[in-house]
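Novice: Sequence:
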Amino acid sequence: MIHLLDNYTFSPALRYDAHRLIYTYSEKEEPIQIEGFLGAALLCVRLINSDEGERREIPLDIERKQDFLFSRYEQEVIADGWGYLEAELRQLNDAYIQLTVGQVPIVDVCANVRQFSIAMSLLSAYMQRLVTEEFGEHIWEKETWHMPFAHWLFDAGYTETVRQRFLHIDWTDPVAVNALVEMPEQRSEEPSFIFEGEEAEEIIRLYWEWLSNTAQKDAALFPDKNVMMAEFKEKILAHETNYEDLKPEMKDFTPDQLNLFRKWMNQWIDFVKTKIEPPVSSKKKDIRQEFFLDNILPVPPEHNYVEVKKYILERCRYDKEFKKYFEAHKRIDFCHQLTLLFGWFIDPNALGKRMKSKAKK
Numbered sequence: 192m193i194h195l196l197d198n199y200t201f202s203p204a205l206r207y208d209a210h211r212l213i214y215t216y217s218e219k220e221e222p223i224q225i226e227g228f229l230g231a232a233l234l235c236v237r238l239i240n241s242d243e244g245e246r247r248e249i250p251l252d253i254e255r256k257q258d259f260l261f262s263r264y265e266q267e268v269i270a271d272g273w274g275y276l277e278a279e280l281r282q283l284n285d286a287y288i289q290l291t292v293g294q295v296p297i298v299d300v301c302a303n304v305r306q307f308s309i310a311m312s313l314l315s316a317y318m319q320r321l322v323t324e325e326f327g328e329h330i331w332e333k334e335t336w337h338m339p340f341a342h343w344l345f346d347a348g349y350t351e352t353v354r355q356r357f358l359h360i361d362w363t364d365p366v367a368v369n370a371l372v373e374m375p376e377q378r379s380e381e382p383s384f385i386f387e388g389e390e391a392e393e394i395i396r397l398y399w400e401w402l403s404n405t406a407q408k409d410a411a412l413f414p415d416k417n418v419m420m421a422e423f424k425e426k427i428l429a430h431e432t433n434y435e436d437l438k439p440e441m442k443d444f445t446p447d448q449l450n451l452f453r454k455w456m457n458q459w460i461d462f463v464k465t466k467i468e469p470p471v472s473s474k475k476k477d478i479r480q481e482f483f484l485d486n487i488l489p490v491p492p493e494h495n496y497v498e499v500k501k502y503i504l505e506r507c508r509y510d511k512e513f514k515k516y517f518e519a520h521k522r523i524d525f526c527h528q529l530t531l532l533f534g535w536f537i538d539p540n541a542l543g544k545r546m547k548s549k550a551k552k
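Under our numbering, the residue at position 287 of the sequence shown is numbered 478, and the numbers go up by one with no gaps.
Source of the hints: derived by calculation from the structure; they are not laboratory data.
Don't take each hint at face value.
Said to hold, decoys possible - Derived lysine-lysine pairs resembling DSS-like cross-links, with alpha carbons at most 30 Å apart:
#, residue 1, residue 2
1, 547, 426
2, 501, 511
3, 333, 521
4, 416, 438
5, 466, 544
6, 333, 501
7, 500, 515
8, 501, 521
9, 521, 511
10, 501, 466
11, 500, 333
12, 416, 466
13, 438, 454
14, 256, 416
15, 256, 219
16, 464, 511
17, 514, 500
18, 219, 333
19, 454, 416
20, 466, 454
21, 544, 515
22, 454, 333
23, 464, 515
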């Protein structure tokens, strides 16, 4: 079976052996061994447009078909434990150190400057691919959603600092690569609250979708899920609009960081308040649910009072107890019941306007 990374001897001074490009630049010094993708890239570019390159199916337009090359490389180095960011970063740094100590320009390993240019272009593209795998295309793929939003934002700010360093590094710069390897593991960086490639409104919207879906799944575990959902929303509103516990940890923020964090939270608090109006149940703790959903009518969409009106009129036609309660109680009490029934806050004023709309016409 022919492999992309089979052994090959270019000259007495240069050979590829056991997934390592070995360069003997001096009889007095130990050979330089270039492992990882850099060694593979140098091997491939030197074999382009040769019989051996054709035998290994190395494409002539190697830069355009780089994903094909990347996949073949990763398949063949599984046993070596390579093909992920930490391993490739370590090997790239080691190769640069050997070249620096030996005072050997990496271009010397190539036959010409064009080969060198292609090899380094492939290296940069492959390392960028690994960065995306490690950090995700979006910040929430690396710093996954967790409650409350203030805590997610706080943690994501530190994650973004590291993420941006990896996104913007010049992989052909030995000094930059070495600095990345020696970066301390402890979180000592300042947080970044501008998330590259993301709009603030989109982050808030996606967090709310995740939070709302999580609450709905939890409420569905209970037989009275609509009542539980109403209670969950009340708790969410209190939990998501308070970040006092983070303020001691924010004492080292710069004024700009502190101001930006507060802007995020102000926007989030305004947003979540529009999604969860103050539950009426908080004013009447002793309220008892008088009627429940049936299998005839679905729950009206949130904030859609046209559908709420339709629900009321239709249910009054076949549910005598529902109709009796509707006609015998004040609108605010009836709205209490609808809030418990639907799991979202029913505004008595909004419902009253909708119920009277036909009479006005």
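Novice: Take the hints in turn and mark each one as holding or not.
Specialist: The hints, checked one at a time:
The suggested pairing of residue 547 with residue 426 is violated, with an alpha-carbon distance near 33 Å, which exceeds 30 Å. Our distance criterion of 30 Å between C-alpha atoms is met by residue 501 and residue 511, whose separation comes to about 16 Å. Note on residue 333 and residue 521: the hinted pairing is violated, with a Cα-Cα distance of about 51 Å set against a maximum of 30 Å. With a C-alpha separation of about 35 Å, the suggested pair residue 416 and residue 438 falls outside the 30 Å cut-off, and the hint is violated.
For the hint linking residue 466 to residue 544, the alpha-carbon distance of about 20 Å falls within 30 Å, and the restraint holds. Proposed proximity of residue 333 and residue 501 is contradicted: the alpha carbons are some 45 Å apart, above 30 Å. Between residue 500 and residue 515, the direct Cα distance comes to roughly 16 Å. Compliance with the 30 Å bound is thereby established for this hinted pair. With a CA separation close to 19 Å, the supplied pair residue 501 and residue 521 stays within the 30 Å bound.
As the CA atoms of residue 521 and residue 511 are separated by approximately 17 Å, the hinted pair is consistent with the 30 Å bound. Restraint check for residue 501 and residue 466: satisfied, since their Cα atoms lie roughly 22 Å apart, inside the 30 Å limit. Our distance criterion of 30 Å between C-alpha atoms is broken by residue 500 and residue 333, whose separation comes to about 44 Å. Distance restraint check for residue 416 and residue 466: the Cα-Cα separation of roughly 19 Å lies within the 30 Å cut-off, and the hinted pair is therefore satisfied.
Only pairs whose Cα atoms come within 30 Å are accepted, and residue 438 paired with residue 454 is accepted, the gap being roughly 15 Å. Using a Cα cut-off of 30 Å, the hinted pair residue 256 and residue 416 is violated, with the two alpha carbons roughly 53 Å apart. A C-alpha spacing of about 40 Å is found between residue 256 and residue 219, which places the hinted pair above 30 Å, so the restraint is violated. Distance hint between residue 464 and residue 511 is unfulfilled; the C-alpha atoms sit about 36 Å from each other, more than 30 Å.
Only pairs whose Cα atoms come within 30 Å are accepted, and residue 514 paired with residue 500 is accepted, the gap being roughly 13 Å. Of the supplied pair hints, the one linking residue 219 and residue 333 is violated, its CA atoms being roughly 47 Å apart against a limit of 30 Å. With a CA separation close to 35 Å, the supplied pair residue 454 and residue 416 exceeds the 30 Å bound. Annotation: proposed proximity of residue 466 to residue 454 holds, straight-line Cα distance about 19 Å (limit 30 Å).
Between residue 544 and residue 515 the CA atoms are separated by roughly 21 Å; this keeps the pair inside 30 Å, and the hint holds. Proximity of residue 454 to residue 333 is assessed by CA-CA distance (about 23 Å); at most 30 Å being required, the pair is judged to hold. A distance of roughly 33 Å separates the Cα atoms of residue 464 and residue 515; the hinted pair therefore is violated under the 30 Å criterion.
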